[in-house]
Amino acid sequence: MSANEQQIKIRVRGLNKSFNGRNGELVALKDVDLDVYTNEFICIVGPSGCGKTTLLNILAGLEKPTSGVAEMDGSEIKGPSAERGVVFQQYALFPWKTVIQNVEFGLKLKGMDKERRRQEAMKYVEMVGLKDFADAYPKELSGGMKQRVAIARAYAVNPEVLLMDEPFGALDAQTRAQLQEDLLKTWDKEKKTCFFITHDVDEAVLLAQRVVIMGARPGRIREIINIDVPYPRNQETKLQEDYIAYRNLIWSKVYKEYLEVAK
Amino acid sequence: MEGKSKKISSSVILLASLAIGFVIWTIISLVPSIGSIIVGPAKVFEALISEYENGNLAKNISISLWRVFSGFSIGLITAIPVAFLMGWYTLVRQFVEPWIQFFRTIPPIALIPLVIVALGVGESAKTTVIFVASFLVMVVTIYQGVKGVDPVLINAARVLGASDRDIFFDVVVPASVPYILVGVRLGLGSALTTLVAAELTGASSGLGNMIMEASLYFRMDVVMLGIILIGVIGFILDKAVLYLEKRITSWQEMREQ
Numbered sequence: 427m428s429a430n431e432q433q434i435k436i437r438v439r440g441l442n443k444s445f446n447g448r449n450g451e452l453v454a455l456k457d458v459d460l461d462v463y464t465n466e467f468i469c470i471v472g473p474s475g476c477g478k479t480t481l482l483n484i485l486a487g488l489e490k491p492t493s494g495v496a497e498m499d500g501s502e503i504k505g506p507s508a509e510r511g512v513v514f515q516q517y518a519l520f521p522w523k524t525v526i527q528n529v530e531f532g533l534k535l536k537g538m539d540k541e542r543r544r545q546e547a548m549k550y551v552e553m554v555g556l557k558d559f560a561d562a563y564p565k566e567l568s569g570g571m572k573q574r575v576a577i578a579r580a581y582a583v584n585p586e587v588l589l590m591d592e593p594f595g596a597l598d599a600q601t602r603a604q605l606q607e608d609l610l611k612t613w614d615k616e617k618k619t620c621f622f623i624t625h626d627v628d629e630a631v632l633l634a635q636r637v638v639i640m641g642a643r644p645g646r647i648r649e650i651i652n653i654d655v656p657y658p659r660n661q662e663t664k665l666q667e668d669y670i671a672y673r674n675l676i677w678s679k680v681y682k683e684y685l686e687v688a689k
Numbered sequence: 600m601e602g603k604s605k606k607i608s609s610s611v612i613l614l615a616s617l618a619i620g621f622v623i624w625t626i627i628s629l630v631p632s633i634g635s636i637i638v639g640p641a642k643v644f645e646a647l648i649s650e651y652e653n654g655n656l657a658k659n660i661s662i663s664l665w666r667v668f669s670g671f672s673i674g675l676i677t678a679i680p681v682a683f684l685m686g687w688y689t690l691v692r693q694f695v696e697p698w699i700q701f702f703r704t705i706p707p708i709a710l711i712p713l714v715i716v717a718l719g720v721g722e723s724a725k726t727t728v729i730f731v732a733s734f735l736v737m738v739v740t741i742y743q744g745v746k747g748v749d750p751v752l753i754n755a756a757r758v759l760g761a762s763d764r765d766i767f768f769d770v771v772v773p774a775s776v777p778y779i780l781v782g783v784r785l786g787l788g789s790a791l792t793t794l795v796a797a798e799l800t801g802a803s804s805g806l807g808n809m810i811m812e813a814s815l816y817f818r819m820d821v822v823m824l825g826i827i828l829i830g831v832i833g834f835i836l837d838k839a840v841l842y843l844e845k846r847i848t849s850w851q852e853m854r855e856q
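These protein sequence lines map, in sequence, to chains H and C. Quick note, the first sequence lines up with residues 427 to 689 if you use our numbering. Quick note, the second sequence lines up with residues 600 to 856 if you use our numbering.
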């Protein structure tokens, strides 16, 4: 996209990651090079075992690469930081905290005083439409609501980059469609760099400016495809010919990767 | 509607169960050869009144409860930090765990003779044995909780900018609270068991001693009274902790019963 004039936010070069498993060394990522541009929405698709979650964990600073480098704004990512928010597939809400307490936790860690952080957190609780549930505990919420809280929590600390690991993977189709639209709207308003992992090609094409296709064994990047479908997008975009063409193209490529794994 | 009718029927069943229990107890006590040992409810009730009136009952109950709470409290106060240190630092765990596992296999009652020789038959002996018994049970339970904290929650805190200190106090501690309460329940049960054993062997007061002394004079009504009181105390303590658990950890996901 021309708007973000290719300013690099995250730069990955020669990244390798291997684990020592029971059956010897397992190569999760091999020679991964990737640039993620500022304010870009980028989706990663690929079969399970292609190392997409490992890549996200390295960008989050939760795991260290075996070799190679991952940088944000030119400096190496050495550990987790509030500049890179993460939304996990399993929601990862603190069950002993209410919705508002979950959302304000990151602000509390930043040392913001109680009143201000409550106000600030409330903005994001409202943003995800859960104002009436601010004092509810996670156990009282549906899966979709939990993930909204997790998204609000990630947004509240105002990170520069959002890393999302199949955030809608565990939700039913209708909730997922709703959250996709909400996410698109939010991204449109508060342009943040979004690094979004999914196994759902439809979702990737709907959300992303670029889709990265990964292959498995070892995990590596196969191809990066620009999605030239104009924004704003919504569920109706899925009826457009250009969307369908992209979806079919990417689906056929991803399908090839699935077959590789099945072999 | 359905929930309410269920509730009523469950309390009716409880009452029926109690009534039938009392009937069976009475019938057994009416069998001549058994009745002299298992005395009936009426006689136990008389014993309750007379023991209450001569003041022994209150003294014995309060001294027993004091022993349980002092031993148990010291046990809890030490078990919590030890369990957290074990869960947080691998070195501490490797160092301490074999000892805990070893002492856990020894019934605390087996320590009583040793403790009596070392500390005499005074209060400190009983407190020590109860402390050891409840500490071992609680430290293992709480440690399991600390160790079992969901790593995803720890990661979620880290990516929000939490330091190790923040993670400890804002994630590990609250996540372990349910296990602390389970530990408290198990620890209290173990403290009560050990208390009675300690009082049966070497004490001049307390419910265990009351049972022991009464059996020497073949006062089976007082023996039965003592046994029932210990059961009632254990039951009340357990319910009290369960109530606390409900209040403190209402955030927990529970399976519907």
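If you're looking for bench data, these hints aren't it; they were derived computationally from the structure. The C-beta atom is built at its ideal place from N, Cα and C for all residues, glycine as well. There's no promise every hint is true.
If you want the footprint, here are the derived chain C segments under chain H, 3+ residues with CB under 8 Å [what the hints assert, rightly or not]:
no.	stretch
1	764-777
2	844-852
No farther apart than 16 Å at their CA atoms in a straight line, the calculated lysine to aspartate or glutamate pairs in the EDC-like style are these [claimed, not checked]:
no.	chain 1	residue 1	chain 2	residue 2
3	C	642	C	820
4	H	523	C	765
5	H	549	H	616
6	H	536	C	763
7	H	617	H	607
8	H	664	H	607
9	H	549	H	566
10	H	557	H	546
11	H	536	H	552
12	C	658	C	765
13	H	456	H	662
14	H	523	C	763
15	H	618	H	586
16	H	615	H	586
17	H	618	H	457
18	H	534	C	765
19	H	565	C	820
20	H	534	C	763
21	H	490	H	541
22	C	658	C	763
23	H	536	C	765
Now the hints, each set against the structure:
1. Residue count for the stretch 764-777 of chain C with a Cβ under 8 Å from a Cβ of chain H: 6. That meets the three needed, and the coverage hint holds.
2. Only residues whose beta carbon comes within less than 8 Å of a beta carbon in chain H count, and the stretch 844-852 of chain C has 5; three or more means the coverage holds.
3. A C-alpha spacing of about 6 Å is found between residue 642 of chain C and residue 820 of chain C, which places the hinted pair at or below 16 Å, so the restraint holds.
4. For the suggested pair residue 523 of chain H and residue 765 of chain C, the alpha carbons sit about 15 Å apart, so the restraint of at most 16 Å is met.
5. At roughly 13 Å between alpha-carbon atoms, residue 549 of chain H and residue 616 of chain H fall within 16 Å of each other, so this suggested pair holds.
6. Pair hint residue 536 of chain H plus residue 763 of chain C holds up; C-alpha atoms about 14 Å apart against a cutoff of 16 Å.
7. Restraint check for residue 617 of chain H and residue 607 of chain H: satisfied, since their Cα atoms lie roughly 15 Å apart, inside the 16 Å limit.
8. Between the alpha carbons of residue 664 of chain H and residue 607 of chain H the distance comes to roughly 12 Å, so the proposed pair stays at or under 16 Å and holds.
9. In summary, the hint linking residue 549 of chain H to residue 566 of chain H is not supported, as the alpha carbons are separated by about 21 Å, beyond the 16 Å threshold.
10. Between the alpha carbons of residue 557 of chain H and residue 546 of chain H the distance comes to roughly 13 Å, so the proposed pair stays at or under 16 Å and holds.
11. For the hint pairing residue 536 of chain H with residue 552 of chain H, the CA-to-CA distance comes to about 21 Å; that exceeds 16 Å, so the pair is violated.
12. Taken as a hint, the residue 658 of chain C and residue 765 of chain C pair is broken in the structure, with Cα atoms around 47 Å apart against an allowance of 16 Å.
13. Distance check on the hinted pair: residue 456 of chain H and residue 662 of chain H sit about 37 Å apart at the alpha-carbon level, beyond 16 Å; violated.
14. Among the hinted pairs, residue 523 of chain H with residue 763 of chain C is inconsistent with the structure: their alpha-carbon atoms are about 19 Å apart, more than 16 Å.
15. Only pairs whose Cα atoms come within 16 Å are accepted, and residue 618 of chain H paired with residue 586 of chain H is accepted, the gap being roughly 6 Å.
16. Restraint check for residue 615 of chain H and residue 586 of chain H: the C-alpha separation of about 14 Å stays at or below 16 Å, so the hint holds.
17. About 27 Å separates the Cα atoms of residue 618 of chain H and residue 457 of chain H, which puts this hinted pair outside 16 Å; it is violated.
18. For the hint pairing residue 534 of chain H with residue 765 of chain C, the CA-to-CA distance comes to about 10 Å; that is within 16 Å, so the pair holds.
19. Of the pairs offered as hints, the one joining residue 565 of chain H and residue 820 of chain C is violated, with about 51 Å between alpha carbons and a cut-off of 16 Å exceeded.
20. Proximity of residue 534 of chain H to residue 763 of chain C is assessed by CA-CA distance (about 15 Å); at most 16 Å being required, the pair is judged to hold.
21. Our distance criterion of 16 Å between C-alpha atoms is broken by residue 490 of chain H and residue 541 of chain H, whose separation comes to about 37 Å.
22. A C-alpha spacing of about 49 Å is found between residue 658 of chain C and residue 763 of chain C, which places the hinted pair above 16 Å, so the restraint is violated.
23. The suggested pairing of residue 536 of chain H with residue 765 of chain C holds, with an alpha-carbon distance near 11 Å, which does not exceed 16 Å.
Hint compliance for this structure: hints 9, 11, 12, 13, 14, 17, 19, 21 and 22 are broken, all remaining hints hold.
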